[in-house]
Structures are given as C-alpha cells and as structure tokens.
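Listed in order, the protein sequences are those of chains P and A.
According to my numbering, the first sequence is numbered sequentially starting from 1.
According to my numbering, the second sequence is numbered sequentially starting from 1.
Warning: the hint list may mix true and false statements.
Here are the simulated EDC-like pairs of lysine to aspartate or glutamate, each with C-alpha atoms no more than 20 angstroms apart in a straight line [as the list claims (entries may be wrong)]:
| # | chain 1 | residue 1 | chain 2 | residue 2 |
| --- | --- | --- | --- | --- |
| 1 | A | Lys152 | P | Glu47 |
| 2 | A | Lys150 | P | Glu76 |
| 3 | A | Lys149 | P | Glu89 |
| 4 | A | Lys149 | P | Glu55 |
| 5 | A | Lys144 | P | Glu47 |
| 6 | A | Lys141 | P | Glu61 |
| 7 | A | Lys141 | P | Asp83 |
| 8 | A | Lys142 | P | Glu65 |
| 9 | A | Lys142 | P | Glu86 |
| 10 | P | Lys48 | A | Glu180 |
| 11 | P | Lys48 | A | Glu145 |
| 12 | A | Lys149 | P | Glu47 |
| 13 | A | Lys141 | P | Asp75 |
| 14 | A | Lys144 | P | Glu65 |
| 15 | A | Lys144 | P | Glu63 |
| 16 | A | Lys144 | P | Glu61 |
| 17 | A | Lys183 | P | Asp90 |
| 18 | A | Lys69 | A | Glu50 |
| 19 | A | Lys69 | A | Glu154 |
| 20 | A | Lys141 | P | Asp28 |
| 21 | A | Lys149 | P | Glu66 |
| 22 | P | Lys48 | A | Glu154 |
| 23 | A | Lys141 | P | Asp91 |
| 24 | A | Lys144 | P | Asp90 |
| 25 | A | Lys142 | P | Asp28 |
| 26 | A | Lys144 | P | Asp75 |
| 27 | A | Lys175 | P | Glu80 |
| 28 | P | Lys73 | A | Glu145 |
| 29 | A | Lys152 | P | Glu55 |
| 30 | A | Lys142 | P | Glu61 |
| 31 | A | Lys141 | P | Glu40 |
Listed next, the stretches of chain P that the computed footprint assigns to chain A, with coverage defined by at least 3 CB atoms under 8 angstroms from CB atoms of chain A [said to hold, decoys possible]:
| # | stretch |
| --- | --- |
| 32 | 42-51 |
| 33 | 58-65 |
| 34 | 69-78 |
The hints are simulated quantities; they were obtained by calculation from the structure and are not laboratory data.
Each residue gets a CB set at the ideal place from its N, CA and C atoms; glycine is no exception.
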Amino acid sequence: MKDLDIKEEIEKLQTTKNRLEANKDNVDKGLAQLVLTLIELLRRLMEKQAMNRIENNSLSEQEIEELGLTFMKLDEKMKELMDIFELTEDDLNINLGPLGDLM
Amino acid sequence: MIEYYYIYAVINKLDVNSFDIGGVKEAQLLVYKYKDYSLIYSLIDTRKLETEYKYLMQHEEVLEMLMEKSDVIPFSFSTILLSEASLEKFCNKYNDKILSNFENISGTVEMGVKILISKNISDECKENDIEESNGYSYMIKKFKEFTNKKNKIEEIKQKIYPIENSIYKLVIKDKKKYNENGKIIFNGAYLIEKENMDLFRECINNLEHGEDFEVMVSGPWPPYSFVSLDERREY
Chain P
1 MKDLDIKEEI
11 EKLQTTKNRL
21 EANKDNVDKG
31 LAQLVLTLIE
41 LLRRLMEKQA
51 MNRIENNSLS
61 EQEIEELGLT
71 FMKLDEKMKE
81 LMDIFELTED
91 DLNINLGPLG
101 DLM
Chain A
1 MIEYYYIYAV
11 INKLDVNSFD
21 IGGVKEAQLL
31 VYKYKDYSLI
41 YSLIDTRKLE
51 TEYKYLMQHE
61 EVLEMLMEKS
71 DVIPFSFSTI
81 LLSEASLEKF
91 CNKYNDKILS
101 NFENISGTVE
111 MGVKILISKN
121 ISDECKENDI
131 EESNGYSYMI
141 KKFKEFTNKK
151 NKIEEIKQKI
161 YPIENSIYKL
171 VIKDKKKYNE
181 NGKIIFNGAY
191 LIEKENMDLF
201 RECINNLEHG
211 EDFEVMVSGP
221 WPPYSFVSLD
231 ERREY
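So that you can see chain P by itself, here it is in the shape it has in the complex (with noise of 0.2 angstroms):
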C-alpha cells in the first residue's frame, strides 16, 4: 500500500487543461474545442454502438466496411481541425465539474 502523493497530483492537476479556454483573444480556439469536444463525443458513442453491433454479429461485412470507412474520415477531419487550432485529445476531454470529466 501506498500513501497518495499529493504534491505530484496538485502539480498534475495544474498542467492539465481540462476547461474550456475562451477568452477575447482565443475565441475561435475555444469554439472549436468546444464543438470538437462534442463531436468527438458523438463519435465515441457512435462507436461504441457499432462495436456492439459487431459483437452481436447484427452487421454484414459490407456494413462494416462502410461504417469503418465513414470513421477513418471522420478521425482524419478530426486530426485535420485539431492541428489547425493546436488542440491536443486531451484538451477535447472537458471537466465538467461535479459530473467529472466528459470522456
């Protein structure tokens, strides 16, 4: 067993940018980690979704191959926006307070 270090938690907690950052200089940044935020939260449920689906054999094989071809866009445009306004996946996972992080 092992006691918990606080100080390097409280020194992880002040590197981490789990908010939003919108200020009058950022603003066009902070929107799009905000929409970003949101659809990297759809895609995750999204996929999730059609694991299931494979796991419960309810997907034909050309059905896969279109969902995994509509993903691997949709990661590529994702990466795409991100290196645009230099947001990093961390930055996408949001605290939202008492309901803890989104993602």
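Following the hints, position chain A against chain P.
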C-alpha cells in the same frame, strides 16, 4: 484595500473562538457563528486564489485541525465570498441543507482508495495494432481494442473485489469510479466512522496484491464526496 472572505468549512460547534494555526496566506482564522454551527473563514486580499501547493496544504491543514474536534462540512479550495453579509445570506439560504449534511456525516471521515496499474490500459489495448487499409480492417482493429478493453475492465473488477470485500463492514457510504482509460483504474471514496480509520488501512494492508497493480490509500479527509449543498445531489 478590499478584503474577501475565504471559507474553509462549517463545523458543528459554537464554542470556538481562536485557533493555534493560520489559514491560507497565513491569514488569521475567524469564526462566524450562526444558530448551531460556525463558519470558519479568513480575510484575504484576493478574489481568486491560485492553485498552488502551499495554499492547498494550508487549506487542508485547517480542515485537518477542525476535524480533530468537530464534524466538518468542507468547502472546496478557493471558495471566496464578498462580504460578511454574504456569510449570513449563505447560512440563511442553506441552513436546512447544512443541518442535514451534519446528520449524514456525524462522526465520520472519508478515506480514498486508488488502484493503479503499471501500464496504461488503452496503450496496452493498442499494442497489437494492425495497419488499416480499408474500412473493414479499420473496424476490426477497433473491435479488437474494444474487446481487449472489456476484458481488462473485468480484470480490474476481479482485482478490486477482495479489497472491497475486506472493507465492506466498515463502509457507511461509498462513491466509486472505474476508469478504463489510464493508469488509475479505480477511484473510490469511502465514508467510515472516525474510529475505524486504522482498521480500514489494516484491512487493505493485509491483502496480498499482484505485481501488476498498486493500491493507494489516502485520508482521513473531511467527507468531501459525501456532502453537498446542491438540491440535486443527495448522498
């Protein structure tokens, strides 16, 4: 200079007037008495306190000191009100909730248990990635990650079971969070009687742990996870 009211906690005592230690920024601890309880605060010169280790420890030290002699409804770090009138307004508004929180946490403390694995689950699940050449193989790759992750979560639950089994008799309430992405795979908060703190640690100490994970126990904390003044969050 404008002074702001930095709040630490509400305690279920009225016979407190002075303290041996200071609060954040070494400010003097003050007491605002209201009906059956006291609000502990300091006057500080800033509207928002930065999250610095020193200040967090000072906040925590005040709570620890208060916990020794009373039940404590803790406030989050950097809870700041604007005036003494706000203190009264706060107590007026939340009086019933404060009293019901005291009922719920009487004589208790919060203990934390975290379980860490040596390797990030999602990294491990991605280890055997195959190159995606088309939609089908992309989805099959994702599906493999999905099933690996599911199996891992089951493993986590197997690891946690003996720990929970050993402490369940001591636990009044708990809040648990399983995490499939990351090194901290489990984060639990347990409300227990103050007198059971040592027994709680002992129960976890006595367990044999696997080499691939680590159990971290923290506390005693004021019962942060089990008090709320929010109408929507009942514990």
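Going through the hints against the structure:
1. Pair hint lysine 152 of chain A plus glutamate 47 of chain P holds up; C-alpha atoms about 19 angstroms apart against a cutoff of 20 angstroms.
2. Between lysine 150 of chain A and glutamate 76 of chain P the CA atoms are separated by roughly 26 angstroms; this puts the pair beyond 20 angstroms, and the hint is violated.
3. Distance restraint check for lysine 149 of chain A and glutamate 89 of chain P: the Cα-Cα separation of roughly 19 angstroms lies within the 20 angstroms cut-off, and the hinted pair is therefore satisfied.
4. Between lysine 149 of chain A and glutamate 55 of chain P the alpha-carbon distance is near 13 angstroms, which keeps this suggested pair within the 20 angstroms criterion.
5. Between lysine 144 of chain A and glutamate 47 of chain P the alpha-carbon distance is near 13 angstroms, which keeps this suggested pair within the 20 angstroms criterion.
6. Our distance criterion of 20 angstroms between C-alpha atoms is met by lysine 141 of chain A and glutamate 61 of chain P, whose separation comes to about 14 angstroms.
7. Proximity of lysine 141 of chain A to aspartate 83 of chain P is assessed by CA-CA distance (about 24 angstroms); at most 20 angstroms being required, the pair is judged violated.
8. Of the pairs offered as hints, the one joining lysine 142 of chain A and glutamate 65 of chain P holds, with about 12 angstroms between alpha carbons and a cut-off of 20 angstroms not exceeded.
9. With a C-alpha separation of about 26 angstroms, the suggested pairing of lysine 142 of chain A with glutamate 86 of chain P is violated against the 20 angstroms cut-off.
10. Between lysine 48 of chain P and glutamate 180 of chain A, the direct Cα distance comes to roughly 14 angstroms. Compliance with the 20 angstroms bound is thereby established for this hinted pair.
11. Restraint check: the Cα-Cα separation between lysine 48 of chain P and glutamate 145 of chain A comes to about 11 angstroms, which is no more than 20 angstroms; the hinted pair holds.
12. For the hint linking lysine 149 of chain A to glutamate 47 of chain P, the alpha-carbon distance of about 14 angstroms falls within 20 angstroms, and the restraint holds.
13. Of the pairs offered as hints, the one joining lysine 141 of chain A and aspartate 75 of chain P holds, with about 14 angstroms between alpha carbons and a cut-off of 20 angstroms not exceeded.
14. For the hint linking lysine 144 of chain A to glutamate 65 of chain P, the alpha-carbon distance of about 15 angstroms falls within 20 angstroms, and the restraint holds.
15. Under the criterion of a C-alpha separation no larger than 20 angstroms, the hint pairing lysine 144 of chain A with glutamate 63 of chain P is consistent with the structure, at around 18 angstroms.
16. For the given pair, lysine 144 of chain A sits about 16 angstroms from glutamate 61 of chain P by alpha-carbon distance, which is consistent with the 20 angstroms threshold.
17. A hinted pair counts as satisfied when its Cα atoms are at most 20 angstroms apart, and lysine 183 of chain A with aspartate 90 of chain P qualifies at roughly 15 angstroms.
18. Among the hinted pairs, lysine 69 of chain A with glutamate 50 of chain A is inconsistent with the structure: their alpha-carbon atoms are about 29 angstroms apart, more than 20 angstroms.
19. With a C-alpha separation of about 42 angstroms, the suggested pair lysine 69 of chain A and glutamate 154 of chain A falls outside the 20 angstroms cut-off, and the hint is violated.
20. Only pairs whose Cα atoms come within 20 angstroms are accepted, and lysine 141 of chain A paired with aspartate 28 of chain P is rejected, the gap being roughly 34 angstroms.
21. Distance check on the hinted pair: lysine 149 of chain A and glutamate 66 of chain P sit about 24 angstroms apart at the alpha-carbon level, beyond 20 angstroms; violated.
22. Only pairs whose Cα atoms come within 20 angstroms are accepted, and lysine 48 of chain P paired with glutamate 154 of chain A is accepted, the gap being roughly 17 angstroms.
23. The suggested pairing of lysine 141 of chain A with aspartate 91 of chain P is violated, with an alpha-carbon distance near 25 angstroms, which exceeds 20 angstroms.
24. Only pairs whose Cα atoms come within 20 angstroms are accepted, and lysine 144 of chain A paired with aspartate 90 of chain P is rejected, the gap being roughly 23 angstroms.
25. Simply put, lysine 142 of chain A and aspartate 28 of chain P have alpha-carbon atoms about 32 angstroms apart, too far for the 20 angstroms limit, and the pair is violated.
26. For the hint pairing lysine 144 of chain A with aspartate 75 of chain P, the CA-to-CA distance comes to about 18 angstroms; that is within 20 angstroms, so the pair holds.
27. Proposed proximity of lysine 175 of chain A and glutamate 80 of chain P is contradicted: the alpha carbons are some 39 angstroms apart, above 20 angstroms.
28. Restraint check for lysine 73 of chain P and glutamate 145 of chain A: satisfied, since their Cα atoms lie roughly 19 angstroms apart, inside the 20 angstroms limit.
29. Taken as a hint, the lysine 152 of chain A and glutamate 55 of chain P pair is honoured in the structure, with Cα atoms around 17 angstroms apart against an allowance of 20 angstroms.
30. At roughly 15 angstroms between alpha-carbon atoms, lysine 142 of chain A and glutamate 61 of chain P fall within 20 angstroms of each other, so this suggested pair holds.
31. Taken as a hint, the lysine 141 of chain A and glutamate 40 of chain P pair is honoured in the structure, with Cα atoms around 19 angstroms apart against an allowance of 20 angstroms.
32. With 4 residues bearing a CB less than 8 angstroms from a CB of chain A, the stretch 42-51 of chain P meets the requirement of three and the coverage assertion stands.
33. Counting residues of the stretch 58-65 of chain P whose C-beta sits closer than 8 angstroms to any C-beta of chain A gives 3, which meets the bar of three, so the coverage hint holds.
34. Counting residues of the stretch 69-78 of chain P whose C-beta lies closer than 8 angstroms to any C-beta of chain A gives 4; at least three are required, and the coverage claim holds.
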